[in-house]
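Undergrad: Take a look at the letters that make up each chain.
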Amino acid sequence: MSIVVVFLMYTLQANAQKEIPNVSVKKLDGSSLNMDEITKTKGVKVISFWATWCVPCINELDAISEVYDDWIDETNVELIAIATDDARTKKRVKPLINGKGWEYKILLDENQELQRSLNITVIPHVIVIKDGKIVWRHTGYQMGAEEELYEVVKKNAK
Amino acid sequence: MKKLLYLSFALACSVGFAQTQDDSEDKKKDWGTLTGGFESIVQWYNDDTGLGKFAEDEHVRSNNYLKLDYNYGNWFAGIQVESYAPMPLLNYSPKLDDSGIAQYYAMYKTNKLEVTAGYFYEQFGSGLILRGWENRPLGINNSFRGGRVKYQPSNSLSFTGMYARQRDGFEVSEGEIFAFNSEIDLTNLFKLQSSSLSAGFSYVGRKEDIPEEFQNTGFDEMTNAFSARLDYSGNSFYSGIEYITKSDDAIVNSQRFIENFVEPGSALLVNLGYSQKGLGIDATFRRLENMNFFSEREASGNVFNENIMNYLPGLTKQHDYLLTNIYVYQSQPAISVPDPSLLKFGEIGGQVDIFYNFKKGTALGGKYGTKVALNASYWAGLKGDFNFTDRNAEIEYFGFGQKYFSEYSLEVRKKWNRKWQSIFYYVNQYYNQRFITDQRGEVNSNIAVVESTYRISSRQSARMELQHLWTPDDNKNWAGATLEFNLTPRLSFYVNDIYNYGNDDKDEQIHYYNVGGSFARGATRFAVNYGRQRGGLVCVGGVCRFVPQSTGVTFNITTAF
Chain G
2 MSIVVVFLMY
12 TLQANAQKEI
22 PNVSVKKLDG
32 SSLNMDEITK
42 TKGVKVISFW
52 ATWCVPCINE
62 LDAISEVYDD
72 WIDETNVELI
82 AIATDDARTK
92 KRVKPLINGK
102 GWEYKILLDE
112 NQELQRSLNI
122 TVIPHVIVIK
132 DGKIVWRHTG
142 YQMGAEEELY
152 EVVKKNAK
Chain P
45 MKKLLYLSFA
55 LACSVGFAQT
65 QDDSEDKKKD
75 WGTLTGGFES
85 IVQWYNDDTG
95 LGKFAEDEHV
105 RSNNYLKLDY
115 NYGNWFAGIQ
125 VESYAPMPLL
135 NYSPKLDDSG
145 IAQYYAMYKT
155 NKLEVTAGYF
165 YEQFGSGLIL
175 RGWENRPLGI
185 NNSFRGGRVK
195 YQPSNSLSFT
205 GMYARQRDGF
215 EVSEGEIFAF
225 NSEIDLTNLF
235 KLQSSSLSAG
245 FSYVGRKEDI
255 PEEFQNTGFD
265 EMTNAFSARL
275 DYSGNSFYSG
285 IEYITKSDDA
295 IVNSQRFIEN
305 FVEPGSALLV
315 NLGYSQKGLG
325 IDATFRRLEN
335 MNFFSEREAS
345 GNVFNENIMN
355 YLPGLTKQHD
365 YLLTNIYVYQ
375 SQPAISVPDP
385 SLLKFGEIGG
395 QVDIFYNFKK
405 GTALGGKYGT
415 KVALNASYWA
425 GLKGDFNFTD
435 RNAEIEYFGF
445 GQKYFSEYSL
455 EVRKKWNRKW
465 QSIFYYVNQY
475 YNQRFITDQR
485 GEVNSNIAVV
495 ESTYRISSRQ
505 SARMELQHLW
515 TPDDNKNWAG
525 ATLEFNLTPR
535 LSFYVNDIYN
545 YGNDDKDEQI
555 HYYNVGGSFA
565 RGATRFAVNY
575 GRQRGGLVCV
585 GGVCRFVPQS
595 TGVTFNITTA
605 F
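Chains G and P, in that order, give the protein sequences. Going letter by letter, the first sequence gives residues 2 to 159 in my numbering. Going letter by letter, the second sequence gives residues 45 to 605 in my numbering.
A couple of the hints might just be wrong.
In silico EDC-like links for lysine to aspartate or glutamate, alpha-carbon gap of 16 Å or less [claimed, not checked]: (1) Lys458(P) x Glu104(G); (2) Lys458(P) x Glu20(G); (3) Lys459(P) x Glu104(G); (4) Lys19(G) x Glu440(P); (5) Lys403(P) x Glu20(G); (6) Lys427(P) x Glu440(P); (7) Lys321(P) x Glu20(G); (8) Lys43(G) x Glu20(G); (9) Lys463(P) x Glu38(G).
Heads up, incomplete: computed chain P residues facing chain G, CB under 7 Å, no partners named [to be verified]: (10) Ala243; (11) Gly485; (12) Asn488; (13) Thr598.
Because the hints were derived from the structure by calculation, they are not lab data. All residues carry an ideal CB built from backbone N, CA and C; glycine is no exception.
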């Protein structure tokens, strides 16, 4: 059984999803935005799925926030933080990001349509896209993992 | 087990298919794209001398989900195969005890028009009037099966119309749902420069046959609900209001009609917020009267969260620690009148959040700044009276009745230096068990948590949590600890334990310990866990599921492709 699982894991890696589906999400002011407005632009972008109730997600975005200016200077990367909060906790998104002083582009995926279309079941989940194509994905966050993420960003920004 | 192998086989085939399609890409032929996800949770329950013998059927159980989506140009189609073999995990609905194609859909989508047939998810506004969603850990899949058209004639207008029945296990509900939604962006109309204003109107109708003995008792097959909402967002100030009214319908308690008791329902939700750099304040008020809305009347009060058409989460802070999640508030939207000392007509209350960042370099901020989050919430039953002879309820609009729940919490996050960072968390709770979970008594508790993370190297870190819950009520004091070791950003191990050492009954002074590890690579995550599950409410997003206590091994694999 476990052999099957390991085998599947590796075959699946080779066939990873390469596109971000053109799902409609909301901006903080309540207006809609189609994901192709993000994927059709050139350059390297980090898409981070998080929620206000997810402690590791906040740890990750806090950690990146401290070095985000350096990242932009060196690679011109843009981080898009997609809040998957539903009606219960959505109201906390705006005060929380301001309270924390994050400078990311924040989008809302309130009924998790984008999250579901990318088959994400566990957050935090980070996706790196280059010229609109997915080049790297990672689930979970542990202190220091932002450095591995930045290596990927640098490699693709060249 | 056999079913599981079939599923793995189906997955392997789909991967094979994806590969062929990759090859053809090289030949510049477009066969569309196939993507998907797979999740499997296998639990092996064993007998435990501390908790007692596992008294149910089937020691090994699994929940498996395979989702496949195909896209070619403007056309989309997909299926979700689910297998609960040989039985669903403990306390999932018995209606799920099967395997097969649980959902399918086909969709045509352009920039202005979207037409869907089959199963789909939908949400109007905040979900207060309609929400179909999936949450696997809670065993919720309230998607709709039918047809839906979305039309967006301009950037500031969008309309949705749908007709459906609701998913119910591997079947669909008896009741039919007719729904319409409109979203109108008024920003351009009022020529607003730096702010935005939007309105929304929705209608949801549920039609279900009335059992013969309750016909002509003052309610119709069709129950109608209307919602109107307005949202404003300025530079730093924002607000929103939503009002819902629901037509007369029979009151159903514990899945039984109460004869000649018919009431309308309503909801009011008001939200105000202010935020600027380094400071955020948010306040919410909500009043729910007879607002539970099911696709089958007799599903009212079912323990598996089935047939729920709208989303009424408990509006309190969602905690992330084991001991802060023992006494969790759930919203109380229903009218229920089991006896004169336990009358419930709905809920009224609110919560306030404050986020503040002490800047770097200040006395309280230190070198890295200090982040503080405060939350306070208060919920009470709606004040009212019930006449048992006339079957008539009188409910006050802004009347605060029996107190159900209150809480205040403080969270401080502090980074000390490049290696150390900490979180301090304090919660004070009042929990009325009689009215929330139908048990006896009230619980007053204080909970403190300290979490520290130490960075060993650029790739390794260790995290530690200490928790304590003080209460003179219910099961008395608890203590808890977690130790987590992150070997690489991909591989981590943890051990935790919560211990009800204060319990008056020596035999109930139980350690609920767990050890486990997880490995993540790309979009795949594999986790294994052994330990004891505390019996009680498992809650995600303000919705809770009751789980019995158990001991066992859990394997979980999730992947996307």
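Undergrad: Run every hint past the structure and note whether it holds.
TA: Evaluation of the provided hints:
Between Lys458(P) and Glu104(G) the alpha-carbon distance is near 20 Å, which puts this suggested pair outside the 16 Å criterion. Between Lys458(P) and Glu20(G), the direct Cα distance comes to roughly 38 Å. Violation of the 16 Å bound is thereby established for this hinted pair. At roughly 19 Å between alpha-carbon atoms, Lys459(P) and Glu104(G) are farther apart than 16 Å, so this suggested pair is violated. About 56 Å separates the Cα atoms of Lys19(G) and Glu440(P), which puts this hinted pair outside 16 Å; it is violated.
For the hint linking Lys403(P) to Glu20(G), the alpha-carbon distance of about 40 Å lies beyond 16 Å, and the restraint is violated. In summary, the hint linking Lys427(P) to Glu440(P) is supported, as the alpha carbons are separated by about 6 Å, within the 16 Å threshold. Only pairs whose Cα atoms come within 16 Å are accepted, and Lys321(P) paired with Glu20(G) is rejected, the gap being roughly 34 Å. Simply put, Lys43(G) and Glu20(G) have alpha-carbon atoms about 14 Å apart, close enough for the 16 Å limit, and the pair holds.
Only pairs whose Cα atoms come within 16 Å are accepted, and Lys463(P) paired with Glu38(G) is rejected, the gap being roughly 39 Å. Because the closest C-beta pair between Ala243(P) and chain G is about 10 Å apart, greater than 7 Å, the hint is violated. Annotation: interface hint on Gly485(P) violated; nearest CB of chain G at approximately 27 Å, more than 7 Å. Using the Cβ-Cβ criterion of 7 Å, the hint placing Asn488(P) at the interface with chain G is not satisfied: the shortest such distance is roughly 24 Å.
The interface hint given for Thr598(P) is broken, as the beta carbon of that residue sits about 14 Å from the closest beta carbon of chain G, more than 7 Å.
Violation of the numbered hints given earlier is confined to hints 1, 2, 3, 4, 5, 7, 9, 10, 11, 12, 13; the remaining hints are satisfied by the structure.
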